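These protein sequence lines are chains A and B, in that order. Using the working numbering, read the first sequence as starting at 126 and increasing by one per residue. Using the working numbering, read the second sequence as starting at 4 and increasing by one per residue.
To be clear, the hints were calculated from the coordinates, so they are not data collected in a lab. Quantities reported herein were computed from a predicted structural model and do not represent experimental measurements. Ideal Cβ placement from N, Cα and C applies to all residues, glycine included. Be a bit skeptical, because a hint or two may be false.
[Claimed, not checked] Between beta-carbon pairs, the in silico distance windows are:
1. A:Asp175 / B:Leu327: 55 to 65 Å
2. A:Glu274 / B:Pro336: 50 to 60 Å
3. B:Thr752 / A:Thr133: 54 to 64 Å
4. B:Ala332 / A:Glu164: 42 to 52 Å
5. B:Glu105 / A:Gln210: 13 to 23 Å
6. B:Gly622 / A:Asp244: 39 to 49 Å
[Stated by the list, open to error] Which chain B residues face chain A? A few, computed with CB under 7 Å, are given here:
7. Met84
8. Gly219
9. Tyr222
10. Val223
11. Thr224
12. Thr294
13. Asp342
14. Leu366
15. Ser367
16. Gly417
17. Gly418
18. Glu676
19. Ile680
20. Arg710
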Amino acid sequence: MKLRVNGTEHTLDVDPEMPILWVLRDLLGLTGTKYGCGEALCGACTVHLDGHAVRSCVTPIRRAEGKGLTTIEGLSTDGSHPLQQAWLALGVPQCGFCQAGQIMTAAALLAAVPKPDDDQIDASMAGNLCRCGTYPRIRAAIKQAAGVEEDEP
Amino acid sequence: VTTVIRISRREFLAGLGLTTGLALGVFASSVQGAEPSGRAGPGPAPASQEHALGTDSLSPNVLVHVAPDGEVTIVCHRSEMGQGVRSSIPILIADELGATLERVVVRQADGDPRFGDQNTDGSSSIRKFYDDLRRAGAAARQMLIAAAAKRWKVEPESCVAADHQVTHAKTKRQLGFGELVPAASKLPVPTPEQLVLRPVADLRNVARPDLPLLDGPDYVTGQAMYAGDITLPDMRIAVIARPPVVGGRVKHYDAEAALAISGVECVIEMPAPTKPWRFQPWGGVAVVATTTWAALLGRAALAIEWDDGDEGGVDSASIREQLLTSVRAPGLPLRVVGDLDAAIDGAASIVEAEYLIPYLAHLSMEPPAAIAQVAAGKAELWVSTQHPQAARKEVARILGMSEDDVTVHVTLLGGAFGRKSKADFPSEAAFLAREVGFPVRVQWTREDDVRHDYYNTVNAQRLCAGLDDGGKVIAWHQRTAFPPIASTFDSSVEQPSFDDLQQGVLDLALDVPNIRAEACRAKAHVRVGWYRSVYNIFHAFAVGSFIDELAAARGVDPRDQWLELIGPARVLDLSALGVEKLTNYGESLERHPVDAGRLRNVIERVTASARWDDRFAAGRHLGLAAHRSFVTYTAVVVSVVPDKVRKFRIDEAWIAMDPGTVVNRDRVLSQMEGGLIMGISNALFGGVTLEGGRVQQSNFRDARIARIGDTPRKIHTDLVASDAPPGGVGEPPVPPVAAAVANAVFALTGERIRELPMARRLGG
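Extracted from the complex, chain A is given alone in its bound form (with noise of 0.2 Å):
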């Protein structure tokens, strides 16, 4: 099977029924896709596929064939990303771990919506958990990036 991670070409001898997210943590060694749940309810394992954000656990690796996989990885090569930089301004993140499907999310909100409102905002994060409970910096961190206004509080 052929598929192109953050623009690299892999050829894989796989499960086609492989979810996505394990093709990626086990035989490419693209650990920042997390797993948190296995059932798409938890958002850590986002990732893009063709732009779109996809939950990476629940989606099989044929349905990536010939299409371009994006990673937090791959995001930007070095951290450059406005959500990325805003992340680290605003102190998004406590543990870290949910962080890269929060942003990869994120991304794809801004990519659609480049300058989302509160409720655009808490309905396109909606599947992604933050047990830590970043969510009033994630919601910041998103407006900062997109240069949206923040409510005086």
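With chain A's structure known, arrange chain B on it following the hints.
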């Protein structure tokens, strides 16, 4: 008393990758007294600073090293699990030393008793080590200054250390730290009497609002390494089918069906645990494969039949009845002031209520994972553990090895909240690595995590107050029933102890002349363990709700009721509290008293910022609660508004916290935000239930936590500026939240919620 000592044991330093240079450790005198011969016990600090210390007695809580090139290495002996400890521990040392943060390297310590206490729990990393961290930095600074002063033939007092160099103020001569290391490392280490700490105001990065997050760049680029991210050559991956009922055993399984899956290499029955459960592996059947996917498919094919054992008949309804029965009868009185029975008999009116909180699952975003390699009589592990020494001990026991032959590396933790202080999952990995002869990663699934947790214990409470003619509370009676965590380590324990009730019952500041608090028995039917703020969760929920009920019964403002019950600003000693002793989170009452004034203060501040007095005019529905835990004071106000889905939605929240001295302000604020949200999760969704001994929930669809839309759009954090000794930070934001939410819901709907989680009653 602690002492700074030069660390001269080459093998210890080489193990850390540190060779030449100046290496200092901070030692507690009680540890120094332990002789290499094994003669333990407290002893005097050694007279000489130049000890060729035996391995057993080398226990630096804090370790700092300055290399000849000037690089400063600070060993972090505590686990990073989101609280920001790796970004905070170096700050104090570096500031005392005068180091530039950019030239400080943080190394994560392996699990080793030589590092002293590494169990990252109890909100204690800064609370317990604040002074030691500063002493380590100060000692190194004084030695570098002494070396410079000697070379310049000037008085050390005329020199200052800043920006990674020593400067002679008068002549402006300067020498970098690295240049001074060879000479400084030969000088005597300052004695405790000679140590001079900088004035707090001179600690230039402490409490700076914008300290960088050490691991931030790795977090946002996917480079951060958690245990499950590590791969060893020839490593296999295992998933385990564990008994669905605690203590259950495997009756039959279909190994052939699992082995038929491509990639599955072997099926191994795990050793069955025996009571008490402690940190033993859970038993069951492991499927070992070349990929996680194959292991998961193999496990699904096992078709295991289980013998459920003794706990197979247990369900949550019967546990609930047992707890309520327990609090409806007298328990062990642990706090007594005045004559409660007489006061209740003579009271003009009585208010009473019962509260229930279920078993809570930790649900860290990273399910447990551990990697083990066992070869040539040695074991090496990589674990997302809060308690690497416990992991080392349990692995040694499982493998029948000496602890000296077990190395436990601590990775980043993807959340932990108390779950990962248990050593069950690393010992599973160690057992399997030995059995298969290859390195093994044990990967827990979310379902495993939900069903095989060491849950926060289940609780019922009964509160009863007697009021006089004027409505003032003259009698306070609290009963609390829960299976204590001690039951995990001794199956016969059903009686909560003094140590257990310190969490929000014994240390509750009350201005009430007659008080009795009783601990009521309860039997554990699952493994229970520490969970962020532990017993404080249910004690704060019951007390915080009950005070609101008292206010409603009397028709007074809830804030006034809180302040009246707490009474005037004062320090409460043991006799005022009515207790024989108070564990006080391991702190002395002199250093960390029970201070009613600080509790009042956070209530006054949080209600001021929430504009509490304007709430009716503004059409708002607010709930208030406050709590002391981990010697820190927290108050929360929550605002709720009507909602289509679940009767209410939390639209705004305020949290005021007084944890004393703060080191890393932004990380404290982030703990306040996160703790508030975890409290919301506890209130709305928290809790697993049992049927036939099996946990009924399995994944985030039914074991729910707050999503972004469940959290308030506006959160206001108010961190009280204080120079009091540092208190806990990670846990104290959590306890008051559930009561504040329940009280706000009462303000909105008139409905009093006495049992969590609320979503079960209120929908959504």
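For each hint, the structure was consulted:
1. A:Asp175 / B:Leu327: 55 to 65 Å: Roughly 57 Å apart at Cβ, these two residues keep to the hinted range, so it holds.
2. A:Glu274 / B:Pro336: 50 to 60 Å: holds, 58 Å
3. B:Thr752 / A:Thr133: 54 to 64 Å: Because 56 Å falls inside the window, the suggested range holds.
4. B:Ala332 / A:Glu164: 42 to 52 Å: holds, 44 Å
5. B:Glu105 / A:Gln210: 13 to 23 Å: Given a distance of about 19 Å, which is inside 13 to 23 Å, the answer is holds.
6. B:Gly622 / A:Asp244: 39 to 49 Å: violated, 22 Å
7. Met84: holds, 6 Å
8. Gly219: Hint on B:Gly219: holds, closest Cβ of chain A at ~5 Å, below 7 Å.
9. Tyr222: B:Tyr222 check passes; min Cβ-Cβ to chain A is 3 Å, inside 7 Å.
10. Val223: holds, 4 Å
11. Thr224: Hint holds; B:Thr224 Cβ to chain A Cβ min 5 Å, cut 7 Å.
12. Thr294: holds, 4 Å
13. Asp342: violated, 45 Å
14. Leu366: holds, 6 Å
15. Ser367: At about 6 Å, which falls below the 7 Å cut-off, the nearest Cβ of chain A leaves the hint on B:Ser367 intact, so it holds.
16. Gly417: Constraint on B:Gly417 satisfied, holds at 3 Å.
17. Gly418: holds, 5 Å
18. Glu676: Constraint on B:Glu676 satisfied, holds at 6 Å.
19. Ile680: holds, 3 Å
20. Arg710: For B:Arg710, the interface hint holds, since the closest Cβ of chain A sits about 5 Å away, which is under 7 Å.
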